[in-house]
Structures are given as structure tokens and as C-alpha cells.
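Q: One-letter residues, chain by chain:
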Amino acid sequence: MLITNPLETSELAFPILEILHIAGFIIAIGTTAAVDFRILEIGGIQQTPSQISKSTSWWMLGGLLVAIFTGLGLYSTDPDMYYTNWSFLIKMACLILVIILNYTVHRKMAYENSTSGGAKIVALLSLLLWASVIFGGIFIAFIRGGL
Amino acid sequence: MLLDFAIWLQNTGLMRALRESDRGYETLLSLHVSFIALFGAMVAMTNTRLLGWALKQESVAAIIDQLRWPKRVGFLCVATCGFLLFGMKAEEYYLNIFFRIKILLFLTIAAHALVFRPSVYNTPSELEGPLGTPVRARAAAAIALVLWLGVVCAGRGIGYIHPPPFSHHFTSRLVMPKTRASHDSAGVLSSENISSPSESAIQKGEHYVDH
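In the order they appear, the protein sequences are chains U and C. Per our numbering, the very first residue in the first sequence carries number 13; after that it's consecutive. Per our numbering, the very first residue in the second sequence carries number 541; after that it's consecutive.
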């Protein structure tokens with residue numbers, strides 16, 4: 013029995029998933045970046061890192077879940093292409109690393125309101141990894157094969 | 541006139557150098573999207589607070605006042621990357637219906653700012669009351685969220701429109717075959733080789749058209 017992916021038969025499905033994917037990561041990355049910039053003491057935000065982190069934690073999780081599940085949908089439209097695209101693989105590696113970082117060291121430092129050198133390095137690393145996720149996602153369409 | 545400007549802009553030295561660089565377009569696009577993530581989140585935070593949906597433990601004034609300058613810097617970064625992206629292939633963008641919709645939405649956002657900035661965003665301390673934020677402020681926030689979401693949708697839609705074959709009046713010194721990756725209407729990635737111009741056309745300094 014041939015099973016067709018409904019995302020491949022509908023013309024609007026892929027664009028709608030992409031928009032939701034973008035909205036999800038805007039929320040996830042933006043809320044995390046707010047904590048990072050506060051730890052880095054850039055931007056003049058007066059709330060403490062723990063206040064910002066606690067205020068935005070559910071939004072961050074919601075955005076991340078939307079981004080992940082819509083990403084799975086997008087992946088399902090052409091798994092072979094994504095699996096062999098090294099930009100996509102780098103994106104996934106950075107995404108896994110930043111999720112682990114966010115829910116371990118980053119959260120601990122934010123809740124302790126730490127703005128020490130170590131905390132600033134963690135915040136910079138978080139921003140760099142999230143930027144790598146975005147770059148990796150954009151470059152998927154411009155990289156042909158690779159593996 | 542606008543089309544002539546677009547063709548002139550895409551053939552200026554800076555835009556030509558960016559277009560002919562190895563990964564210039566992709567890098568600028570990635571930076572554009574990265575800054576959109578930062579700026580978009582700040583816009584979402586401000587307006588969802590006005591609507592009373594999020595960050596309710598912080599005052600409206602605190603959110604609006606503290607995010608005012610970061611939003612301006614963020615928008616400047618987004619707009620700079622956006623202008624450079626536009627300039628690299630101005631003719632193609634000019635002819636793209638989603639790009640035109642995006643510009644219309646920006647003009648609508650500018651009108652929104654003219655209408656609501658004096659009474660809402662510039663007077664956040666007057667928005668705190670026992671009955672919550674006034675209806676006008678909540679309307680401003682809802683309209684802003686819809687407009688900015690429209691900008692994101694239109695921006696993404698740009699990539700789904702294939703440029704017409706006559707839309708690449710580039711001048712270039714390079715004679716290199718190019719491969720362009722693009723998504724078809726179902727979002728499936730494909731690529732096509734674009735034939736390079738003839739040597740004689742380049743030597744004559746003529747404009748050439750990509751196919």
C-alpha cells in the first residue's frame with residue numbers, strides 16, 4: 013500500500029509549516045536571547061536574569077516545541093535530502109547542544125543571577141549556538157548534498 | 541522609474557561585490573533572520589504584555605521603556621541586512637509580488653506607529669489602571685502583532701516566487717556557471733544550472749541576462 017505524505021500533496025502545507033517554524037524559533041530564540049543579553053549586561057534591562065528567565069520560560073518552551081514539531085513535519089517532506097545535507101546536520105548538532113546548555117548550566121546561572129565571567133561565556137555560547145542553528149537552517153537550501 | 545532605480549542599485553560596486561561573493565547572499569540572509577528573531581521577540585514581548593497575555597508580573601511601562609532602544613537597534617540591524625539583500629537582486633525583488641506586499645505592510649506599520657505612538661507606546665505609565673490596559677492600547681498591540689506576522693509571512697513567500705527570465709540585468713566581470721537552489725511550490729528543493737554569458741558579450745561590456 014502506497015502511503016503518501018499529505019504535506020507533499022498540499023501546496024500550502026509546507027509554507028504554513030515554515031511560517032509556524034519561524035514563529036516558534038523567534039519566540040524560543042528571542043526569549044533566550046533576552047536572558048543572555050541581561051547576563052552580558054547589554055541593553056539596559058533592569059530585571060534580573062532570574063526574573064527574565066522565570067517570566068519567559070514557558071514561552072521559550074512553547075516556542076521550542078512548535079519549532080521542533082513543525083521542523084519534523086518539514087523534514088518529513090524530503091528526509092533523504094535533509095539527512096545528506098551537512099548544513100542540516102550541523103543545525104541539528106547545534107540545536108541539541110543549545111537545548112542541553114539552556115536547561116543545565118545556562119538556567120543555573122540565570123537563576124543565580126550570575127553575571128560573572130563564566131556566566132558571560134555561557135551566554136555568549138548560547139547566542140553563538142542559536143545563531144548557528146539559524147545559519148544552518150538558511151544554508152540548507154544553498155548547500156547541495158555533501159554526504 | 542523604480543525599475544530603473546532597482547537595476548542601477550543592483551549594479552553598483554558594493555551590491556555587485558556582494559552578489560558575486562562566495563556565500564554573501566546566504567550569510568546576509570542568515571544575519572537578517574537572526575536579527576529578526578531578536579527584534580521579533582521584543583515586538584512580541586511588548587505587544588503581548590499590552591494585551592495582558594504574557595509577562596504580567598512586570599509593569600507595562602517597564603517592558604515598553606526598557607525594550608524601546610533594544611528594539612530600535614534590532615530594527616536597524618534587520619533593515620540594514622534587508623536593504624543589502626534587496627540591493628543584490630533589486631530587479632528580482634521589485635518584480636516579486638510578496639516583496640511588494642511586504643513593503644505595503646511596512647508602510648502600514650509606519651502608519652500604525654504614527655497613529656498609536658503618541659497615545660500608547662510613548663505614554664506607557666498612563667496605561668496602568670485598575671481595569672487593565674485601555675482598549676486602545678490592546679487594539680494597537682493586536683494590530684501590531686498581525687502586521688508583523690504578515691511581514692514574516694510575506695518575507696518567507698518571496699522565496700516561493702521564481703523570478704521571470706528577463707529579471708537579471710546584471711553587469712558582471714565573472715564568467716562562471718552558477719547553480720541556483722530553490723524550492724518548488726510544494727517546498728521540494730531543486731536546482732538548475734544557469735548558463736553563463738558568452739565571452740564576447742562580456743568583453744563588449746554588455747549587460748547579460750541569466751536564464
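Quick caveat, the hints were computed from the structure, so don't treat them as lab data. Since this is a predicted model, take the numbers as computed values, not measurements. Ideal Cβ positions, reconstructed from N, Cα and C, are used throughout, including at glycine. Hints are supplied without guarantee of correctness; some may be wrong.
[Claimed, not checked] Calculated lysine-lysine pairs in the BS3-like style (CA-CA distance at most 25 Å, straight line):
id, chain 1, residue 1, chain 2, residue 2
1, U, K66, C, K596
2, U, K66, U, K132
3, U, K120, C, K596
4, C, K611, C, K596
5, U, K66, C, K611
6, U, K120, U, K66
7, U, K120, U, K132
8, U, K132, C, K611
[Unchecked claim] The following residues of chain C were derived to be distant from chain U, with all beta-carbon distances above 10 Å:
id, residue
9, L542
10, R559
11, Y565
12, G592
13, L595
14, C617
15, G622
16, F623
17, L635
18, I643
19, F646
20, G669
21, G672
22, I683
23, G699
24, H702
[Stated by the list, open to error] Simulated restraints on C-beta separations:
id, chain 1, residue 1, chain 2, residue 2, range
25, U, I54, C, K596, 24 to 32 Å
26, U, I54, C, P674, 46 to 54 Å
27, C, P670, U, W70, 21 to 29 Å
28, U, M104, C, S561, 25 to 33 Å
29, U, N17, C, L554, 17 to 25 Å
30, U, G56, C, A650, 20 to 28 Å
31, U, I80, C, L616, 28 to 36 Å
32, U, A105, C, I683, 33 to 41 Å
33, C, I643, U, E124, 43 to 51 Å
34, U, I28, C, A653, 22 to 30 Å
Q: In terms of Cβ atoms, is chain U entirely out of 10 Å range of I643 (chain C)?
A: Given that every Cβ of chain U is farther than 10 Å from that of I643 (chain C), nearest at about 19 Å, it holds.
Q: According to the definition I'm using, a residue is off the interface if its beta carbon is farther than 10 Å from all beta carbons of the partner; does L635 (chain C) meet that for chain U?
A: holds, 20 Å
Q: Please confirm whether C617 (chain C) is truly not at the interface, meaning its C-beta sits more than 10 Å away from all C-beta atoms of chain U.
A: holds, 13 Å
Q: Just checking, H702 (chain C) versus chain U, shortest CB gap more than 10 Å?
A: holds, 14 Å
Q: Verify this label for me: R559 (chain C) is non-interface relative to chain U, using a Cβ-Cβ cutoff of 10 Å.
A: Given a closest Cβ separation of 14 Å, the condition holds.
Q: Hey, is G672 (chain C) genuinely clear of chain U, shortest beta carbon separation above 10 Å?
A: Answer for G672 (chain C): holds, closest chain U Cβ roughly 18 Å.
Q: For A105 (chain U) and I683 (chain C), compare the CB-CB distance with the range 33 to 41 Å and indicate the outcome.
A: holds, 40 Å
Q: Please confirm whether F646 (chain C) is truly not at the interface, meaning its C-beta sits more than 10 Å away from all C-beta atoms of chain U.
A: holds, 18 Å
Q: Starting from the range 28 to 36 Å, see whether the pair I80 (chain U) and L616 (chain C) falls in it by beta-carbon distance.
A: For I80 (chain U) and L616 (chain C) the Cβ distance comes to about 31 Å; the hint holds.
Q: Look at the Cβ atoms of G56 (chain U) and A650 (chain C) and judge whether their distance stays inside 20 to 28 Å.
A: At roughly 25 Å between Cβ atoms, A650 (chain C) and G56 (chain U) fall inside 20 to 28 Å, so the hint holds.
Q: The output says L595 (chain C) does not contact chain U. Does that hold with a beta carbon cutoff of 10 Å?
A: violated, 5 Å
Q: Using the C-beta atoms of I643 (chain C) and E124 (chain U), is the stated range 43 to 51 Å upheld?
A: holds, 46 Å
Hints 11, 13, 23, 26, 29, counting from the list given before, are not met by this structure.
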